[in-house]
Amino acid sequence: MRRRHAGLAGRKRAALAPLALLLGLWQAACGGHEDRVRTALQALDRGAPAEAVAALNEQLEVETAAQLPALRGDNALLLLDRGNILLSMDSYRLSARDLGAADKSIDLLDMSRGAAHDLGKYLFSDDVGPYKAPAYEKLLINTINMMNYLAQRDLSGARVEARRLAVMQRYLRDHEGETALLGLGSYLAGLAFEKSSQTDEALLHYDDALRHGSYPSLRRPLRALTRGEPRSPRIAALIEGEAPPPPLDETGEAELIVVVGFGRVPQKVPQRLPIGLALTLVANDLSPTDRARASELAAKGLVTWVNYPTLARGKGGYSIPTLKLDGRSQPMEQALDVEAQVRAAWKKNEGTVILSAITRTLARIAAGEAAQGATEAAAEDSGPLGLLVGLLTSATLTALDTPDTRGWSTLPARIAIARTRVRAGTHDVVVGVRGESRRARVSVAAGGWAFVPVMVLR
Amino acid sequence: MPISPIIRPAALLAALTLAALSIGCGPTYVRGNQVEGLDDAAMSTGIDRRDIEQLLHENLTSLMASPVAKAWAHDGSRPTLAIYPLSNQTSEHIDSQLQALLSDVETYLAQASLVTVVSVERQQQMVAEVEKQHGGGFDPSHIAEYNRQLGAKYYLTGKVFTADERTEDERRVQYFMFMQLIEVATSAVAWQNRAAFTKALIQE
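Chain order of the listed sequences is A and B. According to UniProt numbering, the first sequence is numbered sequentially starting from 1. According to UniProt numbering, the second sequence is numbered sequentially starting from 1.
Honestly, the hints are just simulated from the structure, not real lab data. Since no wrong hints were added, every one of them can be taken at face value.
Listing some non-contacts, in silico: residues in chain B with all C-beta distances to chain A over 10 Å:
1) 49
2) 69
3) 74
4) 112
5) 119
6) 185
7) 187
8) 190
Derived pair list, reagent style PhoX-like, types lysine-lysine, alpha-carbon separation capped at 25 Å:
9) 347(A) / 132(A)
10) 159(B) / 199(B)
11) 70(B) / 153(B)
12) 348(A) / 132(A)
13) 132(A) / 199(B)
14) 195(A) / 159(B)
Virtual Cβ for every residue (Gly too), placed ideally from N, Cα, C.
Just need the whole structure built from these sequences, with the hints factored in.
Here is the structure:
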């Protein structure tokens, strides 16, 4: 009798082993990425970027922004956020370092996803495994970092970012088509080469920028740069109609470029969608077997919701920045609608994300049923234990299923640009956007230039 | 054949264990002498000490074997030589590594006693003074003006280029470094050499 009891206890222990492992994993589980950046984003909403940096430092387990964190897990993403906020605080050197480190790490993550990660993604959650940055984020790392180097008048550094951008643009053009190629990056790359007196390279980049936007602010600089001899049809179309202006050093003027990033792109947030609606949304993509299985489980009341990430509202989509130069208003043109890029990329993937959430839900139910069956087979008189193990297995996997809300949360919703000739000397620049007024005083020599980046991330 | 109900949870367990293993261990800081071959591993596509040593070795071996260096050794004239920053035309932020390379070149040439090397530090101060009037940093188009102030008979300069390519799962950066020795009076290229190496991020 004692021996039989001991045998049963052993079998029950064996049956409970998967349950213990799952419970352990449940305890180890944490919220989605949106939890890690919540405090920082709330601080940005209050107009307190220093607090936002402190909140990110806490997540990155470093004490100050001068420290680089260990680049493990999703720290590269938080580093992108910190770099962007540091740029908004005019800490260009630290921002350039953060974005540069994150750039290399994102490259590494991009190339490191393996079969184990895919398995985890299938069983647990979309946010298992390395983060795969969407095309617009990869391009914006170099674009925004170019702003840091231009602001420091480090043309060598800006040209390096321009070349890194060109490598990525070429790769995306070959693999993903033209949709993600952002004109602002090429505009700034053209500026970096133009100010380095590398005219041919500058014109190539400007021409590329004009493929993606009209950029009227380029008209006068291109007239001066080409001296009326355009190298491409796009440049010719932009500069036609007027004689080229005299070079800056001949007139004793200088050039001022102001770039304003404002608002924030929509953040990814978790959403619970009724299974019926989810099935309708992906009706054409789900296999008949899976659809029948899902409908059967939904009818039994075993599956009522699926978890998946969706885009929240953006901030700043309709704001219009104002620029005053020495008290006089200057026109600004839209250089990039980042929010539109984010929404377009999301729309392209949304069906796959929902489909993956449904498939995962079905896998969870199947795992629960398997665990229940195994427990019952191992312990003949398990009673309600088998059912409990089955339910807990399913429930644990549900708890571990955190929708993948990872993304570069602090990207500005839109970016505007102004480019104008000014007399040599000191000038007051005042930018008004999103209820904030930012001031800068810049000095430029005859024939020189100054680049003023302004980021208002609220 | 029907699958045993025991197999499915076993497969599930294996999958869970695999996923848990992917979490891995934490990092540890070490010194170069604690880990054999630590300096051998490439940790990025940038330039590291080993690359600098290779470039230095290739370039200086070539310079010392050149007719101009042999002539200096023969006549013992010890002409004044200025060393200018190597222009970074790459897709990597390697300016500080290139600066380190130039300091190594300065050290080597000073020890070789074939030329009188203008101190790189003194040279940078002079460049900064000249560029105050122009409102910027080192400008290669002003080299003639720097040389006048330094009294240099020769100057050493160069450029580093890359061919940077990316595929879905790999990134390869091929470096090409060109170094030149120019005679100030005639602008003739007295010596030139190309050194190359490759760094990459590959899928194992």
